[in-house]
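Please build the complete structure, drawing on both the sequences and the hints.
If you read the sequences in order, they're chains A and B.
Numbering-wise, the first sequence is residues 45 to 423 according to the working numbering.
Numbering-wise, the second sequence is residues 36 to 371 according to the working numbering.
Please note that a few of the clues may not be correct.
Unchecked claim - Selected chain B positions facing chain A (Cβ under 8 Å, derived; list incomplete):
| no. | residue |
| --- | --- |
| 1 | I39 |
| 2 | D58 |
| 3 | K69 |
| 4 | C79 |
| 5 | L80 |
| 6 | R83 |
| 7 | G105 |
| 8 | K108 |
| 9 | L174 |
| 10 | Y175 |
| 11 | G191 |
Said to hold, decoys possible - Below are the DSS-like pairs computed for lysine-lysine, each with C-alpha atoms no more than 27 Å apart in a straight line:
| no. | chain 1 | residue 1 | chain 2 | residue 2 |
| --- | --- | --- | --- | --- |
| 12 | B | K236 | B | K274 |
| 13 | A | K270 | A | K132 |
| 14 | B | K40 | A | K177 |
| 15 | A | K197 | A | K177 |
| 16 | B | K98 | B | K132 |
| 17 | B | K218 | B | K193 |
| 18 | B | K40 | A | K89 |
| 19 | A | K197 | A | K290 |
| 20 | B | K267 | B | K138 |
| 21 | A | K290 | A | K278 |
| 22 | B | K40 | A | K153 |
| 23 | A | K150 | A | K131 |
| 24 | A | K261 | A | K131 |
| 25 | A | K317 | B | K193 |
| 26 | B | K114 | B | K138 |
| 27 | A | K177 | B | K188 |
| 28 | A | K132 | A | K89 |
| 29 | A | K346 | B | K236 |
| 30 | B | K188 | A | K317 |
| 31 | A | K342 | A | K278 |
| 32 | A | K342 | B | K315 |
| 33 | A | K132 | B | K40 |
| 34 | B | K188 | A | K306 |
| 35 | A | K131 | A | K153 |
| 36 | A | K283 | A | K89 |
| 37 | A | K317 | B | K236 |
| 38 | A | K283 | A | K270 |
| 39 | B | K40 | A | K131 |
| 40 | A | K412 | A | K261 |
Worth flagging that the hints you see were computed from the coordinates, not collected in a lab.
Keep in mind it's a predicted model, so treat the numbers as computed, not measured.
By construction, the Cβ of each residue, glycine as well, lies at the ideal position given by its N, Cα and C atoms.
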Amino acid sequence: MSYILARSSDNAILEAGECGGAVTSIFKYLLDEGIVEGVLALRPKDDIYDGVPTFITNSEDLISTAGSYHCAPTMVGDIIQKYLSDKKIAVAVKPCDIRSIEELIKRHKINPDNIYTVGLNCGGTVSPITGRKMIELFYDIDPNDVVSEEIDKGQFIVELADGSEKGVKIHDLEQQGYGRRNNCQRCDVKIPRKANIACGNWGAEDGWTFIEINDEKGQSLIDGAKSSGILETKNASEKSIEARSKVEGIMIKMSNKVQNAKFDEAEDMDVWKRCIGCYACRDICPICWCYENCELNKPYFKEEINITPNPIAFQGVRLSHISFSCCDCGQCDDVCPMDIPVSLIFDKLQKKYYNRTGYVAGVSDDIKPPLYSPDKVEL
Amino acid sequence: MIEIKHTLCPSCSVGCGINVILDNEEIVGTFPYKRHPVNEGKNCLNGRSSVENVEDELAFDSKVLDDAIGKLKSCNNEKITVVFSGNNSNEDLEAIKSLCESKGFNILSYANNLKNFDSVASYDDVENASNLFVIGNILYENPLIGRRIVHAKENGAKIYVNDDLENSPTSNIADEFTSLSVKEFLENNDFTDDSVILFNKVGSFEDLDLLESANSKLLPVYSKSNSKGALKLVDAISKEEALELLGNTEVLFIFNDDIVNEFDFDFKSIPQIISVSPSKNDTTEIADFVIATKSWLESDGSFTNAEDLTQEFSSVCESEKMGIVEIIEKISGELE
Chain A
45 MSYILARSSD
55 NAILEAGECG
65 GAVTSIFKYL
75 LDEGIVEGVL
85 ALRPKDDIYD
95 GVPTFITNSE
105 DLISTAGSYH
115 CAPTMVGDII
125 QKYLSDKKIA
135 VAVKPCDIRS
145 IEELIKRHKI
155 NPDNIYTVGL
165 NCGGTVSPIT
175 GRKMIELFYD
185 IDPNDVVSEE
195 IDKGQFIVEL
205 ADGSEKGVKI
215 HDLEQQGYGR
225 RNNCQRCDVK
235 IPRKANIACG
245 NWGAEDGWTF
255 IEINDEKGQS
265 LIDGAKSSGI
275 LETKNASEKS
285 IEARSKVEGI
295 MIKMSNKVQN
305 AKFDEAEDMD
315 VWKRCIGCYA
325 CRDICPICWC
335 YENCELNKPY
345 FKEEINITPN
355 PIAFQGVRLS
365 HISFSCCDCG
375 QCDDVCPMDI
385 PVSLIFDKLQ
395 KKYYNRTGYV
405 AGVSDDIKPP
415 LYSPDKVEL
Chain B
36 MIEIKHTLCP
46 SCSVGCGINV
56 ILDNEEIVGT
66 FPYKRHPVNE
76 GKNCLNGRSS
86 VENVEDELAF
96 DSKVLDDAIG
106 KLKSCNNEKI
116 TVVFSGNNSN
126 EDLEAIKSLC
136 ESKGFNILSY
146 ANNLKNFDSV
156 ASYDDVENAS
166 NLFVIGNILY
176 ENPLIGRRIV
186 HAKENGAKIY
196 VNDDLENSPT
206 SNIADEFTSL
216 SVKEFLENND
226 FTDDSVILFN
236 KVGSFEDLDL
246 LESANSKLLP
256 VYSKSNSKGA
266 LKLVDAISKE
276 EALELLGNTE
286 VLFIFNDDIV
296 NEFDFDFKSI
306 PQIISVSPSK
316 NDTTEIADFV
326 IATKSWLESD
336 GSFTNAEDLT
346 QEFSSVCESE
356 KMGIVEIIEK
366 ISGELE
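Put into structure tokens, the structure is as follows:
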């Protein structure tokens, strides 16, 4: 593991990108050199709250993906395993994205040789509609006037077209039921160290990206981009490294506090009784890859129509199957039509499993999924 | 190359957004559309399955269209009935209505015994109501309005549910549950300005007058994506009137609807059935002429949802087939 600061040598990317545009430059290098067939990254569709995973095959289009989109809580693990598993790709990943990719690699659903992962440090994401509402309510700004947003120093900051900025403390927003998604508030993996490199602004000097190089592939990315002339780097100072570590520590501490406060609510049966058995949570789960052959789809498992689905049986099967591998991406919460906080119980059980075995889904080094791992035979 | 495109869900009148995933221009799945204000990325099973219906796509044959036009020419216009379905976009419905009016065809505008109400409650009204009166299993059948009922309960509203099913997701969140007729349900409850009655079914057409006279905001939830748009263009008829009309029909002309699945009627007693449809269904199975048309995924247009919000959608994939407006233009020209 080593640390550097990096920025683009391309003026257009430097201007459009976040913190020096290092991520966009690395993607451009990979595409221009023909090392990958495409880059999977977020691109705003209708506005900045509408980040959509986009597969870019021409490096000239990469500029449209530059910037950070905290109001786009997407997940790329399942997209890669379903639609891109036969291609050489590079992908921008949040910690929960790379955790799901790691779990899918263990299940032989993604070939690690086919994928370059450029990690993005993540303090959390905000649901787009929640984001717009909170900007109206707490910032007194028309959300349509916002040209960019960022999370920095404990604040959610919005920028307007005239360059002015306004920030509100995330803690204050979350006290009022706004701010980051519930799973993000609990998440204690803030730096995607399983990605080849992990990039972000924590500890970085203005106009530079702080990069943690996590493996040999990551080092080759940086070396290659530098050699091609698109990336400029310099050593990260001790002060930078310390500042970044401090931010990470504070965020993890906050997350642990939320976990302790929320995990008791995971078994609230009044909430679970809302389940309509639509299977949206299962179908969106990036780890739950076998759904087309899922036993839950078999006739013997079906409940009589319109009789309340039994969440104990339905979720019980899912919990026993994959809760050990839950990467707390919160997609199940996002898609539940009844707003059941599904991820809460999965995350709670993953943490229990961690306490027993030390296994963190998508972070620990086991070569097989939990329950199959030779490291856990004593269990 | 994979691509994700926005569209609207066609499976009921809630008006949810849905993203479609294309792989080399072939539709392969759906993806949450979290930026959509109605459903915020949440879709029910019907919505997520809606793109699969396209797999039963029909092939267009211009001879079938010519033969169907010939049949229309040979029949007395007063004996031709056109099914005016909420599955069609506002733009298609305008064209269908115009054709019917110019030729004097009968229009069968039916929406599960519901009709248009000029003023309806918004989804925000539902969330902010102090008392919610729910007729039908809305949490199960229209989950993304059901979600608003859940929010209302979390906001402190009292939930009264009237339905046949005592054990359902909707009855589970009820503070009071009854299985009464609509009339009895309305007589047994008091309504205020900030109460909302939501219903996706009624016993009869007459119940609608009773609902309208209740001192409450109303939100009828239709089963088709653009029923509201259809009923704003043409008044609904009751089930009895629809059955009577079907009984007097010699050519039944159906645009994008599976009416055979909807009515307990001997459709084989109708001499000729023409079905314009993007995909196979029970109606195309018995139709004499099946004219393939574009699905909503291949069309541009707009739907008006239950809360009277008109939303536009764009085609997510190309099609060589004729759209309904084009088919009608051709028919109108031939019938001149």
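How the hints compare with the structure:
1. Because the closest C-beta pair between I39 of chain B and chain A is about 5 Å apart, less than 8 Å, the hint holds.
2. Interface hint status for D58 of chain B: upheld, as the beta-carbon distance to the closest one in chain A is roughly 5 Å, under 8 Å.
3. With 8 Å as the threshold, the beta carbon of K69 of chain B comes within range of chain A, its nearest partner Cβ sitting at about 5 Å, so the hint holds.
4. With a cut of 8 Å, the hint placing C79 of chain B at the interface with chain A holds, because the nearest CB-to-CB distance is about 5 Å.
5. The restraint placing L80 of chain B at the interface with chain A holds, with a minimum CB-CB distance near 4 Å, inside the 8 Å limit.
6. Interface restraint check for R83 of chain B: the shortest CB-CB distance to chain A comes to about 7 Å, inside 8 Å, so the restraint holds.
7. Contact between G105 of chain B and chain A, as hinted, is not supported at the beta carbon level, the nearest pair being about 44 Å apart and thus beyond 8 Å.
8. Here the hint on K108 of chain B is broken, as its CB sits about 45 Å from the closest CB of chain A, past 8 Å.
9. At its closest, the beta carbon of L174 of chain B sits 6 Å from a beta carbon of chain A; the interface hint therefore holds under the 8 Å criterion.
10. Among the interface hints, the one on Y175 of chain B holds; its C-beta lies about 5 Å from the nearest C-beta in chain A, closer than the 8 Å criterion.
11. Interface restraint check for G191 of chain B: the shortest CB-CB distance to chain A comes to about 15 Å, outside 8 Å, so the restraint is violated.
12. Under the criterion of a C-alpha separation no larger than 27 Å, the hint pairing K236 of chain B with K274 of chain B is consistent with the structure, at around 12 Å.
13. Pair hint K270 of chain A plus K132 of chain A holds up; C-alpha atoms about 21 Å apart against a cutoff of 27 Å.
14. A distance of roughly 24 Å separates the Cα atoms of K40 of chain B and K177 of chain A; the hinted pair therefore holds under the 27 Å criterion.
15. Distance restraint check for K197 of chain A and K177 of chain A: the Cα-Cα separation of roughly 22 Å lies within the 27 Å cut-off, and the hinted pair is therefore satisfied.
16. Between K98 of chain B and K132 of chain B the CA atoms are separated by roughly 24 Å; this keeps the pair inside 27 Å, and the hint holds.
17. About 20 Å separates the Cα atoms of K218 of chain B and K193 of chain B, which keeps this hinted pair within 27 Å; it holds.
18. The straight-line distance between the Cα atoms of K40 of chain B and K89 of chain A is roughly 9 Å, inside the 27 Å bound, and the hint therefore holds.
19. Under the criterion of a C-alpha separation no larger than 27 Å, the hint pairing K197 of chain A with K290 of chain A is consistent with the structure, at around 11 Å.
20. Taken as a hint, the K267 of chain B and K138 of chain B pair is honoured in the structure, with Cα atoms around 21 Å apart against an allowance of 27 Å.
21. Only pairs whose Cα atoms come within 27 Å are accepted, and K290 of chain A paired with K278 of chain A is accepted, the gap being roughly 21 Å.
22. A C-alpha spacing of about 25 Å is found between K40 of chain B and K153 of chain A, which places the hinted pair at or below 27 Å, so the restraint holds.
23. A C-alpha spacing of about 18 Å is found between K150 of chain A and K131 of chain A, which places the hinted pair at or below 27 Å, so the restraint holds.
24. In summary, the hint linking K261 of chain A to K131 of chain A is supported, as the alpha carbons are separated by about 17 Å, within the 27 Å threshold.
25. A threshold of 27 Å between alpha carbons decides the hint, and for K317 of chain A with K193 of chain B the separation of about 17 Å falls inside it, so the pair holds.
26. With a C-alpha separation of about 11 Å, the suggested pair K114 of chain B and K138 of chain B falls inside the 27 Å cut-off, and the hint holds.
27. Of the supplied pair hints, the one linking K177 of chain A and K188 of chain B holds, its CA atoms being roughly 20 Å apart against a limit of 27 Å.
28. At most 27 Å may separate the alpha-carbon atoms for a hinted pair to count; K132 of chain A and K89 of chain A meet this at roughly 25 Å.
29. Taken as a hint, the K346 of chain A and K236 of chain B pair is honoured in the structure, with Cα atoms around 26 Å apart against an allowance of 27 Å.
30. Pair hint K188 of chain B plus K317 of chain A holds up; C-alpha atoms about 14 Å apart against a cutoff of 27 Å.
31. Distance restraint check for K342 of chain A and K278 of chain A: the Cα-Cα separation of roughly 57 Å exceeds the 27 Å cut-off, and the hinted pair is therefore not satisfied.
32. With a C-alpha separation of about 25 Å, the suggested pairing of K342 of chain A with K315 of chain B holds against the 27 Å cut-off.
33. A hinted pair counts as satisfied when its Cα atoms are at most 27 Å apart, and K132 of chain A with K40 of chain B qualifies at roughly 23 Å.
34. Among the hinted pairs, K188 of chain B with K306 of chain A is consistent with the structure: their alpha-carbon atoms are about 21 Å apart, no more than 27 Å.
35. Between K131 of chain A and K153 of chain A the alpha-carbon distance is near 13 Å, which keeps this suggested pair within the 27 Å criterion.
36. For the suggested pair K283 of chain A and K89 of chain A, the alpha carbons sit about 38 Å apart, so the restraint of at most 27 Å is broken.
37. Taken as a hint, the K317 of chain A and K236 of chain B pair is honoured in the structure, with Cα atoms around 24 Å apart against an allowance of 27 Å.
38. With a C-alpha separation of about 24 Å, the suggested pairing of K283 of chain A with K270 of chain A holds against the 27 Å cut-off.
39. Distance restraint check for K40 of chain B and K131 of chain A: the Cα-Cα separation of roughly 21 Å lies within the 27 Å cut-off, and the hinted pair is therefore satisfied.
40. A threshold of 27 Å between alpha carbons decides the hint, and for K412 of chain A with K261 of chain A the separation of about 22 Å falls inside it, so the pair holds.
Hint compliance for this structure: hints 7, 8, 11, 31, 36 are not met, and every other hint is.
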